[in-house]
Structure formats: structure tokens, C-alpha cells
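Colleague: Generate coordinates for the entire structure from the input sequences, incorporating the hints supplied.
There are 2 protein chains.
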Amino acid sequence: MRSVQEHLAACLAAVGPQPPLEVVLADAVGCVLAEDVLATRDLPLADVAALDGYAVRAADVATAGPAAPVALRVLDEIRAGSVDPTRLPAGSCVRIASGAPLPLEADAVVPVEQTDRGTAKVEIRTAAAHGENVRPRAQDVRDGEVVLRAGERVGARQVALLAAVGRGRVTVHPRPRVVVVSVGDELVEPGATARPGQVYDANGHALAAALQDVGVATYRVAAVPDQRGPLRETLEDQLVRADLVVTTGGLSHGSNDTVKEVLGPLGTVRFDNVAMWPGRQLGVGHVGDGTPILALPGDPVAAQVAFEVFVRPAVRAMAGYADLYRPTVRATVTTGWYSPAGRREFVRVTLAGSPQEGYRATPAGAPGTLLLSALARSNALAVVPEDLTEVREGTALSCLVLDA
Amino acid sequence: MRSVQEHLAACLAAVGPQPPLEVVLADAVGCVLAEDVLATRDLPLADVAALDGYAVRAADVATAGPAAPVALRVLDEIRAGSVDPTRLPAGSCVRIASGAPLPLEADAVVPVEQTDRGTAKVEIRTAAAHGENVRPRAQDVRDGEVVLRAGERVGARQVALLAAVGRGRVTVHPRPRVVVVSVGDELVEPGATARPGQVYDANGHALAAALQDVGVATYRVAAVPDQRGPLRETLEDQLVRADLVVTTGGLSHGSNDTVKEVLGPLGTVRFDNVAMWPGRQLGVGHVGDGTPILALPGDPVAAQVAFEVFVRPAVRAMAGYADLYRPTVRATVTTGWYSPAGRREFVRVTLAGSPQEGYRATPAGAPGTLLLSALARSNALAVVPEDLTEVREGTALSCLVLDA
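Residue numbers (UniProt numbering), protein chains in the order written: chain A, 1 to 404; chain B, 1 to 404.
FYI, nobody ran anything at the bench for these hints, they're computed from the structure.
Backbone N, C-alpha and C fix where the C-beta goes; we use that ideal spot for every residue, glycine too.
Every clue listed holds true.
Here are some chain B residues pointing at chain A (derived, C-beta under 10 Å): (1) R41; (2) A80; (3) A97; (4) D140; (5) V147; (6) V165; (7) P190; (8) A194; (9) A206; (10) L207.
Modeller: Given below as C-alpha cells:
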């Protein structure tokens, strides 16, 4: 049997960061930068007004106060988006909008509220120091400066900066496209009528949702019967749009080993019993032209656990993240159970508590059962080490936090 | 001046949860349920095999062991998706796939590994108790049971359960559609050439990204000049697809009050100076046929802060969440600064530390400046109360955590 660590290492070795691609800014949102972004101009590009008011020479208003206003001639109005290329003569000013560049020789802005709002002539009722209410050129970013580094995620605050320095396109690791294929003769689509013996395909929908939460593009294929022909055709069809294929089911110990039989000739996939519970048989390798493939068990609880333990880190690696894993916390369990020897057990638990008072983990459903109702109310996976067979009330376990 | 709390209350009062809508399962992902979901069948629907093996009568194999195998006749093979409607006679068994329903009278499953894998006759090498390796009917969900409650978010684990109980459609608060409009004569699209005085539109892109991170559908309109006609036309055009409109800019104290002038006749929007920094003038109300609108400042740092403080909670309320706010932590600041009197200041900080050792907040850039470069490297907003004017090294402040 392979250890969980060995199989995880194999999954991560099978994938790599998506090749860098230049995309428009809107498509970069949520992606990881694949370039250091250099500013190609100053931000702001000139000394600009920090608020609406009058651009003045500070020296002209040095003596101004509420009781001793200074009158200045208003030469012009500089609205946002325009510039005044003339020099400001002494004794004069211009009305200026927040964000507009100051005329030459102006070195301060008096807020409109500190004036009589005159249009030809204005009374200035406060002194202004050199540079007051002015955002100096390059205060935010200097031409040539690295504004964001490769490896940073492009979120809203990074987009604001990229846009402000004029970047309409940026090079990122593009969102991986993941094709999800559920295999099983028994599977029918939710909403359809299930005959006796049939079950609804939970894995296709649940894995697509889990991938969507990671932020990747997902294509869910309707469940494929456990037969070589249809599975082979489906995989061949889907490879054109897949950066990664995830299958569930079709790994029966019994007469049907469809996934193994089909994947054998299509690529280099190895299947192992992995020392974990739930889930046991797992596959990893490549198909077609080197597209990575991860094969998960058919049981929907086991598939979700395998997703969290193996697929999510692999997908994050493809998306270019350095940090691949869910946060973990230590929690004491509120009730005991027996855990299988020689296997790492992932128990669906509800976490309660806080960093200050500590966390408590309560199994959602009996740990040995595979209940979707329990999975749906859990918010973490408690990890029982391979050599621990008796978990007691109060035992401290590491827990993967599933809901932030 | 209105307080931050008053303006937030007005924003939340202007919106409400999206009217419930029945959608297909794939479209429900990431939405909040607007119905209690009842199971309309048991899960599993019958006693099913928990693993691949032989379905037996436990009484027949009570004496079986490695040294004393019991031979049974193999009547049939039940593959996944099929059923065997016959009763199992004593002394016989059926080969059964994991998940397949047991034949009548069978009450245990012997794992294939504990047999000689016979096809006509099989040697059973272990005893099996009544119910062993069987998932009893309704073990997971009972017909008529509430499986998920209104108000729960539909994530991967909830989708697995909904699919498994056969729900192809579900009633949710659909994703709000938010239209983002930046207003300003000075704005040009990133990637285009900016003439002197022009600046790149950061707000449109950054707010669209921020909304995308909240999980809503966003339509970004290219920046609109600060003129009544174009702004009115844009708003009228966009209202058909907007559940919420967010504007930035066009709120100048100076000669241009375009947003106010246009919104006046179009709806009922009030504008207030809100006692906060950055950002001051903010609008809230309705336009057209009652579409809520939130007006934010034009400065991109102020707009992002206003997004976090007002828009994000409002959008989450529309999406049906009960929990509207970012998590907060207390952090001690690593350096002091002066904070404006009578205003709640939101300072962009980088948080470091842990729940155990405590958190430290370091301002990203001087708190009084509005730098996008500092915003991009911050991961939290430290909140300085209205009456605190001197923040000292070691002062403990509440911080909104922006990055999970």
C-alpha cells in the first residue's frame, strides 16, 4: 500500500503550473501572476490636487486667515481630465478639481470650503504650506518600479493597482480547465427517475462545485457507463479541452475494472491502494498528449475526501499558487471512536470554538460510515494518524478546515 | 454628517434578499438556499452492499473461517445499477458490486478478498454477522427528512447531498447582478494611451473583481464622462440587467455634481457626507423601477474602502447570507499616527501574527495618503474609532481581515 504522502507527491509530480499566458485584465482576476509587473510611468503622472479647490502659490497665501483673507485672481478652471499648460503668475490661482494636475509654479491647493468660491476673483481664508493638499508626482508608484511580483494572486486591490498603472493585459497562470467524469452503470442524473438499483450521480456535480470553489474552469461530463467503449470515447473527446481530468468510480475490485483497462492503453496511469480511509484505490498519471489524470473512488464521501487531500492541492499547484493546502487547526475530539490500523483516517467533523478558547471537533455521523448527510453538515476533516487506532474523548487531532 | 453606522443601515435597508428562484443544480452552486429541502426517498433506497463481495445469509456462514471455509452456490451476479428480484435460498449467494441492492433474505456481504472468488461455487473463508458490510436502507437520509435548511450555502458537500437525493433543481436566492459604472472625464481604459491629465480607470476593474470575489455576477460598463446625458443614458440602458448599480466618482464638490443631478430625477437617492476617512460623500437609494444604487467616491482607495464597508455587506444580504461581514481580529499597531477627529478611519494595514501570539498591524503607507501600491500590499483594514485622534504604538484596534 502507498502512503497518503506518497500518493500526494505523485499527484503533485503529475501536474505543474499552467504555462504563462498574457490575458486582458478582466480575465486575470483570481489568477496568479506569472510576471513581475513593472510600472512604465509615474503614478500620479504629475503633481495633482488632492481635493477640489484653488491651486495657488503657497507664498501668495502665507498671511491668509479667516480674519485676513487674501484675494487672488482666478485665471482658469482645470477640470478632471484636462491640464493647464501655462505657468501660474504670482497673485493668481486656478480653480482645480480633485485629481487634476497643478499648473506650473502652483505648489498648494486651498480647499474650496476655505474660500468664497469666487470665479473671477477669490478670497482665500487660510494659509497653505508648500505641498499642502497636493499629491506629488510618483508618490504612489515610480516609473520602473516593480508594483506586483510573480506569484501574487490578482484580487481586487491588485487589479486597482494594475489598472492605475495602465496595464490592460498581464501575464498569469491561466485558470486550469478540469474535466470531471463519473463512471458507473448505476448512475442517473438528479431530477430523472431512478429505477431500482440506480443511484443519482452525486460525484459529477459535487466535484464540479468543489472545483468552482477553487476558482478553476470546470466541465462536467454526464455520467458514463462502466464500459470500455463509451469511457474511451468520452476521454478522447474531452482531452482537447482538459488541462486535468478527474474521474470517479469504475475502480471496482470485482469484474469491472473499466477505468484501469481504458486508461492502460491511453496513457501511463498507475493505480494503488492508498493507506487511507475512506477511499482506497486511487489512480494518477497522464493520458493522451500528457494531460494529467487523477482517478478517485466512486463513493461520493470518499471522492470528496480524496478531492480535498489530493485534487485540490494539485489544482492549486496548476493555478500557480505556492500555498497549496487548506488551513489546519488542532482540536480536541468530543467523543471517541476506533480508527483502522495502518491507515490515515479522515473523519468528517464539525469544528466549534475559537483560537483563544481552543477548538473542539465532533464527528458528523459515525466515523466508520460514509454518510452524505453527515458530510454536508461537517466543516472540517479530522486527521487520525496511521498508528492511532483508538481515538479517545479529548484526543487532539489536526483538522483541515473546509469552510473559511 | 452621517455616521458610518447610519449609512451602512441605509445601504442594507435599500436592498433585500433576491426573490427565490428555482434553478438547476449547477446554477445553485455558491448560492444560498431559499427553501428547506425535503428528501422524497430514502438514501440508500434499499439495503446495499458496502463493498464488492458476495451477498450471503449470515446464518449460512456462521461457522466459516480460514481453516473451515463454507461453500455456497453462486446464483447470479448483481452489478452496480441492477437488482436481483429473487429471494436468496439457503446455501446460496450472489456475487455483488459495491452499492448494489442485496437480494431478499441476504443480510450480509463477505468481501471478495475473504473468498476464492468462485463464479459457480464460492468458498467463504470468514463468518459475517447480520448486517455486516451492508448499508441499511435510509441509513443516510430518510424519506421526508429535511436534508438542508433555507439559509445554507450550496457548496460542494451540499451539492453532493442534493444530487444524491435526486434533486435536479433547487430554490435559491439567485446570484445578484451588479452593474459597475465609473464616472469621470479624466478616465481612460488601461492599455490605452493616456494624455496629460487623464488617469486610468481603476475603479471599474477593481470593483468588478471585488464583486467577483463575493461570488456575484458583475457587468462593468466602460467609464462614462462626467456629463448628464451620457450618464443618464448609461444608467437607463443598464437598469434592465441590474439588481444593484454601483457608481464611482462624479460626486465632486466643485462645478460637477453629475451623479447627483442625474440621479435626482431618475429616482430617490440621498447623498451624505459620512464621518469616515478615506471617502466622504456617499449616495444610497433607488433608481428606475426600484433598483438599489450605491454611489461611491471616485478615488480608487476610497472606493475600495467604501466597497468593503458598505457594498460587500449589502451584496451579501442580497445573496441571502445572514452573516454579512468580514471576520475581524484585534491587533496592536506597530507604529503610531494621527487620525482625523470625528471620523472613523479605515487604515490599510498588513496583519502579521497568529491567534496564539496575537496580531500586529503595520500601516501600508502613511495612513493619511491614498496609495494604491499600499492598498495592494495590505491584507486588512484597521478601524480607528471616531473619537481616537492619536493612535500610538501598541494601541489595539479592530481589523477587518480582507484575505482569508
